Every structure is written in C-alpha cells, then in structure tokens.
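Sequence lines, in order, name chains A and B.
So for the first sequence, my numbering puts the first residue at 8; every next one is plus one.
So for the second sequence, my numbering puts the first residue at 202; every next one is plus one.
Bear in mind the hints are in silico, worked out from the structure with no lab data behind them.
All of these numbers come straight from a predicted model, not from anything done at the bench.
Honestly, I wouldn't trust all of these hints.
Here are the simulated DMTMM-like pairs of lysine to aspartate or glutamate, each with C-alpha atoms no more than 25 Å apart in a straight line [stated by the list, open to error]:
| no. | chain 1 | residue 1 | chain 2 | residue 2 |
| --- | --- | --- | --- | --- |
| 1 | A | K504 | B | D479 |
| 2 | A | K121 | A | E534 |
| 3 | A | K504 | B | D321 |
| 4 | A | K441 | B | D257 |
| 5 | A | K514 | B | D268 |
| 6 | A | K479 | B | D257 |
| 7 | A | K504 | B | E252 |
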Amino acid sequence: MSGARTRRALAAAALATLLPLAACSGGSGGDGGTRTGGTKTAGTAGAQTFGELPAQSGTPKDGGTVDIAQQPGAGPYYMLPIVPGAFNSAYVTYQFQRLMYRPLYWFPEGASPKVNPALSLAEPPEFADGNKTVTIRLKPGYTWSDGSPVEAGDVVFFINLLKAALKKNASNWGGYTPGQFPDNVTSATATSASTVTLKLKDAYNPEWFTADELTYVVPLPAKKWARASADGPILDHGSPKNAEAIYTYLDKASRDPASFATDPLWQTVNGPYRLSGFDVTTNFYSMAANEAYTGPQKPRIKTLNFRPFTSETAKFNQLVSGNLTMATVDQTHVSQVRQLKAAGYHVYGAPRLGFNFIMLNFKDTTDNVDKILGQLYVRQALQHLIDQPGYIASKGMYNGAAAESYGTAPASSPYAPGSGATAPYPYDPAAARKLLEEHGWKVVPGGATTCERPGTGPAECGAGIPQGQTIKLNLFYRSEPQLHSAVSTAFASEARKLGIAISVAPKTFSFLIQNYNVPAAPSKAGEWAMSTWGGFSTTPYPTMTGTFDSKGSGNVGAYSDPKADELIRASVHGDDREAVQAEIEHLSKDLPVLWLPTAHTIWAWKDTLSGPQEAFANLPSSVLTPEYWYLK
Amino acid sequence: MTDTAPPQQVTSGWRLAVRSFAQNRLAVAGVGIIVLLILFCFAGPLLYVTEQVAVDPVNSLLPPGGDYPLGTDAQGFDVLGRIMRGGQASLQIGLFAALIATAIGTLYGTIAGLIGGVVDGIMMRLVDTLLSIPFLFIVLIAATQFSSTVLSLSLILGAFSWLGPARLVRAEVLSLRSRGFVAAATVMGATKPRIIVRHLIPNALGVVIVNITFQVADAIIAVSLLGFLGFGLNYPDVEWGTQLSDGVSHLFEGAWWLIYPVGGCLVLVVMAFNFVGDALRDSIDVRLRRR
C-alpha cells in the first residue's frame, strides 16, 4: 500500500471499525469462549472465525426479496466505477457498484483474500518480456445487459477514462498512488476483441500486479458510454481530449443520485443486478435481478433492498424484529447474539482483510523517543506486554470476537507464512523485563526504569540513549469505539508495572490521521510517540509498499529498515510470486508497529436465506455475491 | 429604685442565618450528603482498598457480588473503588473551578460596580459578549488544547464560569456603593482598592457564598459532561463523567452497575449542593429569611 492508497485504507479501516468489532459473550451471547473456573478463557480467543458457516440447505427457488441493512453513514453513492476519494468506501465499491459492474479480476474467493478465477471476467494474465508486457484474455460468453459482448475495448476504455480522470485531478480516483496504476502502464491496446496487451514502464511482480493492480480494472460499456453527452455520438476514447470529455459527462451523471435509477446510461450492466430505485433523501436503494447476466450463476433473488440506518441500535432493533434479512452486528450488540439466533438468524464473522496495531513514531525526538523506539529490543519488550489472548477473551475488550494477529497478512491470506499464527514475541512481562535488563536498563516496577549502561554494545542501551534516560511515551487512541481506550489502558497498565510511563489520551480518527502522521504532518512528529485507531485495510497481495518502506508516502510512523525496503521491492518488482511471504515474516519480527488482535466483522442473516457456504464466507470482507443466494 | 428595662438580647445576623439554615431540612440533608460523599470518596479508599492502576482484563465486566460489591468495569477495575477515585477528582475539580470562577467574578464585578461609568459599561458588555458564546463550545475547544488533569480542567472550567458571579457581585456592589459606610470611607480618604477589599467584598460575601455552592454543582456537572464527551481525565485518573461514558458503551451488555451507582452519586452531590445553595440564599437574605 502507499500514498493515496494508504489514505484510502485508513478511511476504509475507519469504516471497518464502525462495522465490525462484534463480540460474543460467554454469558449472554453464548457463541464464543468457554468458562473455566468462573473465568472466561480464550476458548475462541484467537479463533479465525466467529461461529460457523451454516451448510447450504433447502431447495433453491427463484424470486423473493432480500432486505439488507446499509451501514450507518455508508453513503453518499457514486455510479461510475472510477470512484473519487471523497466518495470512496468499501460500501460504494463492494455493496453497490460491483453488483452492477464486475471487475476484470474478482476477489476474494470465499473467505480467502485472493483472486477468484470463477468470478473474474478474464483468464489469469500472462506476463512476458521480463514482466514488462501483460496479456489479458477475456473469457468468452460474458455480455452486457443489452446483449453486446464484454470486449477488450471495454477494458481499454476504463484505462483511458481513468487516465483522463487523473489528468484532470489526482483525487478523482480513490485508489490512485502516484507511480502505480495507471501511471505504470505505457500503453493499453486491444489487440483483438478479447485480448488486451499492457506495456509496463518497469518490471513488476506478476502476483502483485494481478492482485493489487488489475483487480482495480472494471470493464465499462464503451459502445454505450463513450460519449460526451446523453445524445452525443460515440467518441474515440483513445484520444485524450475525447476521453476527458467523456469522463466529464460520466462524472457529472455519477454525482446526480436523483437520476441514478432512471438514467438509461446506468442500466447497461454486466453484473447480476441493476439499480431499480434510489431515494435521494434517505439513500435507500433497490436492485433488480439482471435477467441477462452471463456469469457463472444467474441471480435467483428478484429484488435486493438496501435499507439505510442512522444508528447501529436502530439497525439492530430492525434485525431482531425480523424486518431485515441480513445486517452486520456491531460490538455493542454482540451480547445479544443469542437473541438473534432465537429469532432465526445465522451469525458468522471473521477478520476483515487488514491488520490492527499500535503505530510507533520513529521520528519523535522528544525525550529521545526516536532513539528508544529505534531499538529492536525495546519494541520486542513492548510487544511482550501486549496480551493478545487476554484482550480477545476480555469481555471489556474484544469479547471473543477477534483473532490473534502478528503481521501484515491475516491467517486466511494465501500469502501468510506458516508461522503467521505464532506470536514472535508472546505476552510475557518477565521476558520484557529481561530484555531491558540485558540491555543496561535498571527496571523499577511501578517507578521509572532508567538506562544505566549507555552505549552501543550488545549489553548497552543503544545509540543516542544517555545514562539516566527514562522511557516516557504517549499513546493517542481513537476516541470511538471504547475498545481503543480499553486496549490502550491495558497496555499502559502493563508498561507501568515495568517502569515505563505511557500516558494515554483520546483523539478523533480524523485528527489522528491528519496530525499524527509523519509524512502528512512532519512538523507534529515531536508530539506523539504512539497511536492506535483500528488498523489498515490491505490489498489481496499484502505487500507494504508505501506503508513500511523508507520512502513510503503512507509510512505514518516513518519506520525505516534497509532489509524491509529490499523485501518490499522484491514483492513489487521481483519475479518470485511468493516474495511477499518473506516480507511478511520479516516485518512480523522487526515490529514496525506493535501488533494487536484483528477484530471480526460479524454478519447475521435469516435462516430462510441460503446458498453455497462461499457465498457467505466473503461477507466479512464486505463483499456481496447475492447471485448465489436463494430463499428457501 | 432604678427604672431600667431588662437588657434586650441582640441576635447577630449570621446567627439568624445559621438558625434559619438549620431549620431547613433539605439543607441539612444536603450538608449530610456532601459530608458523607466526601468521606466516601476520600476516606473510603483507606478502608476499602482496591487496585485502581493495574488493569485486569480477565475480570472485566463482572456483575456485582462476591469480591466486587458493585462489579467490575471494562478494564476489570472494582467499580466501588473506581467511584471513590472518580469522586475525588470530580469533587476536587468542582471545588477548585468554583473557587477560581468566584474569585475572578467577584473581583471583576466589584471593580466594574465601584468604578461605574464607561469602564463599567465596557466591562459588562464584555461579559455579555462572552455569555453569548455557548459555554460548552468554549470549554471543549480549550479542553482539546491541554492535557486533561485535575488542575487543567479546574482552570479551564473556572476561567469560563466567572461571568455569572461577576454580574451578581456587580449588582450587589452597585447597591452597596451608595450606602453611607462606603461614602464615609471615601470621605476619609480610603483608596478604591481598600474600599473594595475592606468594605465591598466583605459585604457582598453572602451573595458570593451562595454562588459558590451553585458553582460547585455546575462545575461537577460540567466536568462530567466533558468526561462523558471524551475530554475528561485519562488513565490512571478518572472522574464520574468518564465512568458514565464508559458505562454507556456496555449498556447493551446489561452492565447496569457501570451506570446507576456512579450516576446516582452524581445526581446526589449536585442535588445536595443545590439544596445547600438554596438554603444559604434564603438564610442570608433577610427578606427571604423565615421569622
């Protein structure tokens, strides 16, 4: 991830933390964890899922309506699948646009965050010329709803339109990172009706380019949309001037919700559904099955109603009263999971694609914080103070609804190394104390631990740390939800026992990402040592380019490590498709951040709704595949 | 034979005020509640010793009973002990803020009232202007600029709560300055500072004392509001507003013990200070005093 993409990920993470964090309650929820001797254990603490996916059941039948709850604040919506930063969110992309406009390469595959060949419009791309040429062959048989085929020209149309959008303003695409797609594409040519050839500026790792770049590509109906006005002629979008005029027209139409459902422009779709209604006052929208859908599964459900809510409580009340077919369950309501089950709902959750952490600021020179955090043994000691299983089990924190996480890739990722589930520095205050003492610190539990042996030797405090130095850090946490306060307090409490003073204070999410972010606000680098807000969302191929490489524009804490730089470069530019594993493994141990558990995103749906398990396994990723659902 | 009348016993104004106060049952109850809460918050932790610094995630959100008479909170802190600790901060901030506000307001109002004229006009228009800005708005902005400590919150609240006392005291001084003793002091060559310190403030003390009690109650509510909105004290310190806010986060889990006990304490203390304030006003003002 990098630059703008990191900002997008931050925003996505913000929304994600509003979504999930659901928890189960041994006492009242009855879903996760067991009780031993009156104390809730980590029975499901660290479990990769919350509950089990129900088996497919019942006889599929066509028709019916499914009512789905929108996330509070999910709008505003935007139609063109080149979403400006201001409109960009997981809901706009995955729960609105992708039901109508299918990407070239679809992910995830069920619960696994990887490219899903079955739902992709093209065969896996072929790389040649030292990974500088990419050939994409569209699968035969995919058509637009008007019957015309999805062609190579539609892919090129998207790329031309994207370039025009970015030329106009870099903020016109939320997924934009300068230097990456489409900047790294020299030319995009439709060499036949079903083949697109991309010439790249540099050699790229095929796995990275496919999973993290080509998944953004959404073929658009060039023969319908390549015009500068509603009744204008079809233009040659290969001309930058024409492309800009076309983009201007489509962008304007995309910002007019009142005409979303009536403008014939948007009725040409290649996804399983098309928009049939949009209420501009409430953001309620409905979708009707696209009878002409040519994907692997024709939709059975006739109508999807996406109902807006102003609060989680209102949403939950509607869920319990049976007025919704499906909705997410947020943390404050998870103790009522049993009630949901009694009302006839299936409940399932899993971690979102991303990771959670306490960010470290390596540029905070106040009281030598940069020198202290620059020492790996200090970071290791701090990580030893984080009791992930305890946090997950605690009813006051994750309440069982989170998974242990010690790296940048979730365990469900195909790129996660085998050691991904193992804590490199597990909760062990004694080990933390030993680390400090072995490096010349006099540990004073409850007091002030001080450096007694300054110097750069193996048994000394480290470069730039003078004799008598204490460890004083501040930690700013996101003010909502309360989970961040609980986690930060628990961490500060453990540190205090080791003579490390951590002062905690809340800040709003927007304040944190705007101010306590070294690349974005270098002048404020001396104000913060640590921060936590809910984590990053990651791309399917979870390289941390731009995020943890030394020159990354999204490197919030200014972490810098030559080996990490080298491994990240191999992930993006190398030839080894598995290169990211080495990167993940190194970062997991080098601690650019302190790892925290990743919360589950939980969904509830009526037991009258069924389908293949994979069609529900992707819900925690906020991705909907309703064409596979049916009402029993 | 002498024809002298028996000596008439003269009761001082303060004694009459105390007698009137003592006859007000709500006031006595208010004083009792305040004393009990002060003992509960400051002496309680000496008798009921709990861990209020090291968190205990494993024992979080336990209901009342057994080792925890009022259960535990999200961090595993004993709620009864937490209320005592939170009460210390809430009462301290309430008292400090009230003293600061009253001190500034009394001085400001006295100066304005005594000098009068254009200076008074300018000073009171400034008060009017500041009163037109929502109190919470100013306090929230100020609270975000400083780290939250008992002292900083007291100063912030005190610095923005003196407007009411300033108006009250000015009105009292306007009335006092036309009295004979002020004129006599002026004729005898007393300076304005001396008149303020020796004559006006002591004679406006009744109004000031009454106001302090209401200021304490208001400051406790204000700091609780700040805490509830996330601008209260931070770990390891706590006040009642932050406790309430944390409790609301677990409302749907049925953790009533995080809300009702601390909420009850808050209501009690504010109510008690208002009872006392009302009774003091009735006692000190001869027109309102029961005869």
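Against the structure, the hints come out as follows:
A C-alpha spacing of about 48 Å is found between A/K504 and B/D479, which places the hinted pair above 25 Å, so the restraint is violated. Of the pairs offered as hints, the one joining A/K121 and A/E534 is violated, with about 39 Å between alpha carbons and a cut-off of 25 Å exceeded. Distance check on the hinted pair: A/K504 and B/D321 sit about 57 Å apart at the alpha-carbon level, beyond 25 Å; violated. Distance restraint check for A/K441 and B/D257: the Cα-Cα separation of roughly 23 Å lies within the 25 Å cut-off, and the hinted pair is therefore satisfied.
Restraint check for A/K514 and B/D268: not satisfied, since their Cα atoms lie roughly 35 Å apart, outside the 25 Å limit. Between A/K479 and B/D257 the alpha-carbon distance is near 22 Å, which keeps this suggested pair within the 25 Å criterion. A C-alpha spacing of about 13 Å is found between A/K504 and B/E252, which places the hinted pair at or below 25 Å, so the restraint holds.
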